[in-house]
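We have chain U already, so just place chain H with the ligand on it with the hints.
Line by line, the protein sequences give chains U and H. Take 1 as the starting number for the first sequence in this note's numbering and just add one per residue. Take 1 as the starting number for the second sequence in this note's numbering and just add one per residue.
Hints are not guaranteed to be accurate.
Partial list, computed: chain H residues near chain U (C-beta under 8 Å) [said to hold, decoys possible]:
1. L3
2. Y7
3. E13
4. G39
Stretch-level coverage of chain U by chain H, calculated; a stretch enters the list once three of its residues show a Cβ under 8 Å from a Cβ in chain H [unchecked claim]:
5. 240–248
6. 334–348
7. 359–369
Keeping only pairs whose Cα atoms sit at most 27 Å apart, straight-line, the calculated DSSO-like set for lysine-lysine is [as the list claims (entries may be wrong)]:
8. U/K339 / H/K16
9. H/K84 / U/K339
10. H/K32 / U/K339
11. U/K339 / H/K22
12. U/K339 / H/K145
13. U/K134 / H/K22
14. U/K81 / U/K61
15. H/K84 / H/K145
Keep in mind that the hints were calculated from the coordinates and are not lab data. Cβ atoms here follow ideal geometry from the backbone N, Cα and C, with glycine treated the same way.
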Amino acid sequence: MSNHYVNDFPILQKTMNGKRLVYLDNGATTQKPLSVINAVQEYYAAFNANPHRGAYELSVKATQIYEDAREKVRKFLGAEKTSEIIFTKNATESLNLLAYSYGMTFINPGDEIVISIAEHHSNIVPWQQVAKAKGATLQYLYVNEAGILTDEEIEKKISSKTKIVAVTQVSNVLGIINPIEKIVHKAHSVGAVVIVDDAQSVPHFSVDVRALDVDFLVFSGHKMLAPMGVGVLYGKEHLLDKMPPFLSGGDMIEYVWEQDTSFAPLPAKFEAGTQNVGGVLGLSAAIDYIEKVGFSNIEQIEEELIHYAIPKLWQLPFITLYGCDDLSKKTGVISFNVKDIHPHDVSSILDADGVAIRAGHHCAHPLMQYLGVNATCRASFYFYNTREDVDALINALGRVRGVLGYES
Amino acid sequence: MNLSEIYTEIIAEHNKSKRNKKQLENPTVILKGRNPSCGDEIELALKVEKNIIQDASFTGVGCAISQASTSMMIDLIRGQTIEKAQLLIDTFLGMIKREITEEDQLEILDEAVALQNISNMPARVKCAVLSWHTLESAITTEEGKTSESSQSSH
Ligand SMILES: Cc1ncc(COP(=O)(O)O)c(C=O)c1O
Numbered sequence: 001m002s003n004h005y006v007n008d009f010p011i012l013q014k015t016m017n018g019k020r021l022v023y024l025d026n027g028a029t030t031q032k033p034l035s036v037i038n039a040v041q042e043y044y045a046a047f048n049a050n051p052h053r054g055a056y057e058l059s060v061k062a063t064q065i066y067e068d069a070r071e072k073v074r075k076f077l078g079a080e081k082t083s084e085i086i087f088t089k090n091a092t093e094s095l096n097l098l099a100y101s102y103g104m105t106f107i108n109p110g111d112e113i114v115i116s117i118a119e120h121h122s123n124i125v126p127w128q129q130v131a132k133a134k135g136a137t138l139q140y141l142y143v144n145e146a147g148i149l150t151d152e153e154i155e156k157k158i159s160s161k162t163k164i165v166a167v168t169q170v171s172n173v174l175g176i177i178n179p180i181e182k183i184v185h186k187a188h189s190v191g192a193v194v195i196v197d198d199a200q201s202v203p204h205f206s207v208d209v210r211a212l213d214v215d216f217l218v219f220s221g222h223k224m225l226a227p228m229g230v231g232v233l234y235g236k237e238h239l240l241d242k243m244p245p246f247l248s249g250g251d252m253i254e255y256v257w258e259q260d261t262s263f264a265p266l267p268a269k270f271e272a273g274t275q276n277v278g279g280v281l282g283l284s285a286a287i288d289y290i291e292k293v294g295f296s297n298i299e300q301i302e303e304e305l306i307h308y309a310i311p312k313l314w315q316l317p318f319i320t321l322y323g324c325d326d327l328s329k330k331t332g333v334i335s336f337n338v339k340d341i342h343p344h345d346v347s348s349i350l351d352a353d354g355v356a357i358r359a360g361h362h363c364a365h366p367l368m369q370y371l372g373v374n375a376t377c378r379a380s381f382y383f384y385n386t387r388e389d390v391d392a393l394i395n396a397l398g399r400v401r402g403v404l405g406y407e408s
Numbered sequence: 001m002n003l004s005e006i007y008t009e010i011i012a013e014h015n016k017s018k019r020n021k022k023q024l025e026n027p028t029v030i031l032k033g034r035n036p037s038c039g040d041e042i043e044l045a046l047k048v049e050k051n052i053i054q055d056a057s058f059t060g061v062g063c064a065i066s067q068a069s070t071s072m073m074i075d076l077i078r079g080q081t082i083e084k085a086q087l088l089i090d091t092f093l094g095m096i097k098r099e100i101t102e103e104d105q106l107e108i109l110d111e112a113v114a115l116q117n118i119s120n121m122p123a124r125v126k127c128a129v130l131s132w133h134t135l136e137s138a139i140t141t142e143e144g145k146t147s148e149s150s151q152s153s154h
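Okay, chain U solo, but in the shape it has when bound (with noise of 0.2 Å):
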């Protein structure tokens, strides 16, 4: 029943409340295995230097390993180009650097920036504010009850006024997979660029930027196994040229006179200052590990916890799932809540178990608006969870209305 990645996890042998850690929230971050932790303090133990920057060899040497690590990126995402792969510190600032260098250069009064209303706030806030700023219109996709972007939705919404279009592959609420293929085909056919969130999608299944066609990809480090504070943005090199730099100073510049710059080729102009190597080498590191997993073993052991735990769900009277009815467009994670029992209480009463859910918003106000909910609870499962880890959550949810005073 257990799986021997657990093994690799030292945070999932320890002990919560003195009982077994049951993580299942890995859409919020991952765990992260002893080969990145390893390679983390391995940079800091033998390789640290600023790189680009000394003639030594340790400088040498940590430029080497920050850009042997923008190639496998690369490679990972299928993209053609080294220059198309720029480090941020998270999804989040690969977002803000797209609508405050993309956004804001190429967005007129009148145009529509089109994203979906499944988004994680950080796909929604940074284009409010170039809407704002740009007298544009947000337009929102909305799914349908079972929480699937319809090819309608698409074919309505996306139009010649359309200049972004702005959309998770995974939602983080209802881990729906949505189909990029279709919402490509026809931005491009309206002249649109096309920005997908991969922060959902990228830990768990196979991504080619180039077989999608996508124009832009936003991912962070820390929900694949990597370390906090390292990000990913891909662009088309064509794209990224014609963008202005987002933040300015060192290293991302040419030349630097007294009263104008030119700046450094992609993708130096868009990675001002000192980066974070060391989360680089991690996020590297961990590439490694899930390509030694394979995605195909990741979908698959995913597949399988869902098929046995959305039916247990199924049969508790007192559970409302969200976004469960089709489980084929669906990575592993579930929404739901528990009858009477606000999901901060239900949280609490399983933590006592030893299982760790998320309960709240998931930064996703928009969607719980539309859901017509106040909050919900969500447990994500990852590659090194169990059946034995969804039975912990199932025999915790069984006790949740009892500790309440409620009949289960």
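The following block gives chain H with the ligand in isolation, referenced to the frame of chain U:
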């Protein structure tokens, strides 16, 4: 953390009870309190006459801790003077911050002492204090009104 220390019978009872959860007739002050991070939102209504909280009630959504804390607070302040309400607020917040631990000092909180252990659950402290902070703002608003009206009568 021991669950039964937090989710006591008193909390469960107040959470379910609708006694104080309703619209108030002719309130003199209504104030919203929110925990943006968890989406808890209550609306506290007071009817203050001659410095006395004649009646109070609340509406809104939230977890058992915030709902129970609000309900217990309303039981405590109904019929009390503004000054007594302020003392209750100070004592409750002092208890949560563990600044007030003496039993005889906490006595005035009556059933609300059941929330003393919430400080063992840092993630939930804000749920317990939401209504008390809201009450404090409501009192300030109410006092502002009286001082305004007394000023205008000059
Ligand atoms: C779909 C989605 N987009 C963006 C983000 C933001 O990620 P970060 O906080 O790492 O920038 C998240 C994280 O919760 C997410 O789930």
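These are the hints, each one checked on the structure:
1. The closest approach between the C-beta of H/L3 and any C-beta of chain U is roughly 4 Å, which is under the 8 Å cut-off, so the hint is satisfied.
2. Hint status for H/Y7: holds, given a least beta-carbon distance of 5 Å to chain U, under 8 Å.
3. Because the closest C-beta pair between H/E13 and chain U is about 7 Å apart, less than 8 Å, the hint holds.
4. Proximity of H/G39 to chain U holds as hinted, the smallest CB-CB distance being about 5 Å (cut-off 8 Å).
5. Judged by the Cβ-Cβ criterion of 8 Å, the region 240–248 of chain U is not covered by chain H as claimed, because only 0 of its residues qualify and three are needed.
6. Here the region 334–348 of chain U counts 6 residues with a CB under 8 Å from a CB of chain H, which clears the bar of 3, and the coverage holds.
7. Here the region 359–369 of chain U counts 4 residues with a CB under 8 Å from a CB of chain H, which clears the bar of 3, and the coverage holds.
8. Straight-line distance between C-alpha atoms of U/K339 and H/K16 comes to about 13 Å, which keeps the hinted pair within the 27 Å bound.
9. Pair hint H/K84 plus U/K339 does not hold up; C-alpha atoms about 38 Å apart against a cutoff of 27 Å.
10. Note on H/K32 and U/K339: the hinted pairing holds, with a Cα-Cα distance of about 25 Å set against a maximum of 27 Å.
11. For the given pair, U/K339 sits about 21 Å from H/K22 by alpha-carbon distance, which is consistent with the 27 Å threshold.
12. Proposed proximity of U/K339 and H/K145 is contradicted: the alpha carbons are some 42 Å apart, above 27 Å.
13. Restraint check: the Cα-Cα separation between U/K134 and H/K22 comes to about 45 Å, which exceeds 27 Å; the hinted pair is violated.
14. Proposed proximity of U/K81 and U/K61 is supported: the alpha carbons are some 22 Å apart, at most 27 Å.
15. Distance hint between H/K84 and H/K145 is fulfilled; the C-alpha atoms sit about 19 Å from each other, no more than 27 Å.
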